[in-house]
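Asker: Sequence:
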Amino acid sequence: MSHDVMDRASSRGVAEPRGGVVEDLYVSTAQAASLRRDLGSMPSIVLDHRHLCDLELLLNGGFSPLQGFMTEADYHAVVEHMRLADGTLWPMPIDLDVSEAEAAHLLVGQEVVLRDGQGTALAILSLSDVFRPDKRREAERVFGTRDAGHPGVNDVFARGPVYLGGRVRGLQAPAHHDFTDLRLDPRTLRTGFAQCGWDRIVAFQTRNPMHRAHVELTRRAMDAVGGCLLVHPVVGRTKEGDIDAHTRVRCYRALMSRYPEGMAALAVLPLAMRMAGPREALWHALIRKNYGVTHFIVGRDHAGPGKDASGRPFYDPLAAQRLLMDHADELGIGILPFPPMVYSPTRDAYVATDALRAGEVTEDVSGTQLREHLRQGTPLPPWFTYPEVDTILRERFPQPSSRGCAVFFTGLSGAGKSTIAQALMGYLLEHTGRRVSLLDGDEVRKTLSAGLGFSRSDRAANVLRIAYVAAEVVRHGGIAICAPIAPYAEDRAKARETVEAQGDFIEVHVSTSLDVCEARDTKGLYAQARAGVLKQFTGISDPYEIPERPDLTLDGDTASPAELASRIVAEMTRRGLVV
Numbered sequence: 001m002s003h004d005v006m007d008r009a010s011s012r013g014v015a016e017p018r019g020g021v022v023e024d025l026y027v028s029t030a031q032a033a034s035l036r037r038d039l040g041s042m043p044s045i046v047l048d049h050r051h052l053c054d055l056e057l058l059l060n061g062g063f064s065p066l067q068g069f070m071t072e073a074d075y076h077a078v079v080e081h082m083r084l085a086d087g088t089l090w091p092m093p094i095d096l097d098v099s100e101a102e103a104a105h106l107l108v109g110q111e112v113v114l115r116d117g118q119g120t121a122l123a124i125l126s127l128s129d130v131f132r133p134d135k136r137r138e139a140e141r142v143f144g145t146r147d148a149g150h151p152g153v154n155d156v157f158a159r160g161p162v163y164l165g166g167r168v169r170g171l172q173a174p175a176h177h178d179f180t181d182l183r184l185d186p187r188t189l190r191t192g193f194a195q196c197g198w199d200r201i202v203a204f205q206t207r208n209p210m211h212r213a214h215v216e217l218t219r220r221a222m223d224a225v226g227g228c229l230l231v232h233p234v235v236g237r238t239k240e241g242d243i244d245a246h247t248r249v250r251c252y253r254a255l256m257s258r259y260p261e262g263m264a265a266l267a268v269l270p271l272a273m274r275m276a277g278p279r280e281a282l283w284h285a286l287i288r289k290n291y292g293v294t295h296f297i298v299g300r301d302h303a304g305p306g307k308d309a310s311g312r313p314f315y316d317p318l319a320a321q322r323l324l325m326d327h328a329d330e331l332g333i334g335i336l337p338f339p340p341m342v343y344s345p346t347r348d349a350y351v352a353t354d355a356l357r358a359g360e361v362t363e364d365v366s367g368t369q370l371r372e373h374l375r376q377g378t379p380l381p382p383w384f385t386y387p388e389v390d391t392i393l394r395e396r397f398p399q400p401s402s403r404g405c406a407v408f409f410t411g412l413s414g415a416g417k418s419t420i421a422q423a424l425m426g427y428l429l430e431h432t433g434r435r436v437s438l439l440d441g442d443e444v445r446k447t448l449s450a451g452l453g454f455s456r457s458d459r460a461a462n463v464l465r466i467a468y469v470a471a472e473v474v475r476h477g478g479i480a481i482c483a484p485i486a487p488y489a490e491d492r493a494k495a496r497e498t499v500e501a502q503g504d505f506i507e508v509h510v511s512t513s514l515d516v517c518e519a520r521d522t523k524g525l526y527a528q529a530r531a532g533v534l535k536q537f538t539g540i541s542d543p544y545e546i547p548e549r550p551d552l553t554l555d556g557d558t559a560s561p562a563e564l565a566s567r568i569v570a571e572m573t574r575r576g577l578v579v
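Residue numbering for the sequence shown is 1 to 579, as defined by the working numbering.
Just to be clear, a hint being listed does not mean it is correct.
Stated by the list, open to error - In silico lysine-lysine, DSBU-like type, Cα no more than 35 Å apart, as pairs:
no.: 1; residue 1: K135; residue 2: K239
no.: 2; residue 1: K135; residue 2: K494
no.: 3; residue 1: K239; residue 2: K494
Treat the hints as calculated values from the structure; they're not laboratory data.
Sequences are here, hints too, so could you generate the full structure?
Answerer: Here it is in structure tokens:
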């Protein structure tokens, strides 16, 4: 909602926040100046992205009635019963996790400075609790599974083993330099609703672009309650592979004119999602109540992460709707459970799935199909989206021939990765106008990864540094050719995720046998490794995890580098990346 809209109309009532008041944990300007004089004597913690999202919503009241990161008593009560220790409904742990090394320097009773990645002091934590959670129990109770394929579960197990609890006092808000007019805190948004006379407000939660079906659904929700609409997308952390927040918010902005004038508003929510399904849906409703809404739309499989490795959904698609309806009275806001909307060609209209006639044919475009359309540059059906949204998505996902790509080689030392990579680069520079960058394993070790050794953690850091640079090349429409050993499947998967957020990723396993690699070794590295002189050598004293599903497999002993590179070019041509 723009500030000029907020300044109009008379005051009307809006929904009461959790606990009766929107918590504002920022200290005054004078207090902040006084506290800053003492920061040098306090221990500090640098917050990651999830922590920063949580801190922002603690400080501005989005997480009311919480006044800080959870104490051990509150944490256990939430994990087991979806309630704080005092019985207040709250389904999601809000914890500040740290490493054992960080925890070793902290004492209960201390004041701890919370800083962002640039070192800016954002808040002070009055440390009241230091505890080690049972993460298996947390996963089972909060997410309903210990399957590490669930992104929320994976996050729990990957995080620090020690949790810190205590009240926070805000010195300043986390810095944002994008969509500043849409980053409205609960107090500002509630005031705007009252000034506009909005007393029946439907909130729509989304982490995806909105298309015709979403607009139709939200219009029906507005009609159902006789009220106005708040489009309130998440712009913190969502699910890996989601379309980036900047593109999404541009789409939302473009669609606001599709609603009746003065009846719909757009604001963004800096939330780090956990993809916890039913519990998360309940959490989303509580947060939106703090922002002043009176009704909340809940769709099928709300905040679900999809399916597990066996193809089964992590959550029953209606579980979130049932949980919110069970707590509707205590929540104090209206719950609007909506079925999916699908397009009926015979009616030339969107129809709720529970209103379809027997045998009625419908059409839809899944998220996977949408991404494929965008990657391939094929047209979207006009009944699916609006022209303005299509234009924005095409800008973000250009035609394949101008889209960035990373060709990521992996294989043993001596397999031929660098030679094939050089042959590929030569071909691309000679025959195409594409911009090409080569990130060779040995050269990267001398520059980008200078100082790293060959421990498991250092190997991961090396691959992720390469992936970061490659993703930047890809983001700007270039081709990055990467040739590390990359022996671990987990690191290769993270590299793929990093790059695919920006463009294409082609994993090439150079499967040359160990015997051939040793026979080729002109530097004597394998001999030194077998003699025990060279430690942590992949294939001898360190493992190499063979890729299970690479995009291409090439045996470096079966053809010339040029011939092998031509097979990669064929794959790039098939994808439309080169013509």
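Asker: Just to be careful, I want the Cα atoms of K135 and K239 compared with a cutoff of 35 Å; is the pair within it?
Answerer: This hinted pair holds, its Cα atoms lying about 21 Å apart.
Asker: Given the hinted pair K239 and K494, is their Cα-Cα distance within 35 Å?
Answerer: 14 Å, holds
Asker: So if I understand the rule, the pair passes when the alpha-carbon distance is 35 Å or less; does K135 with K494 pass?
Answerer: Cα-Cα ~23 Å, so holds.
Consistency with the previously given hints is maintained throughout, with no hint failing.
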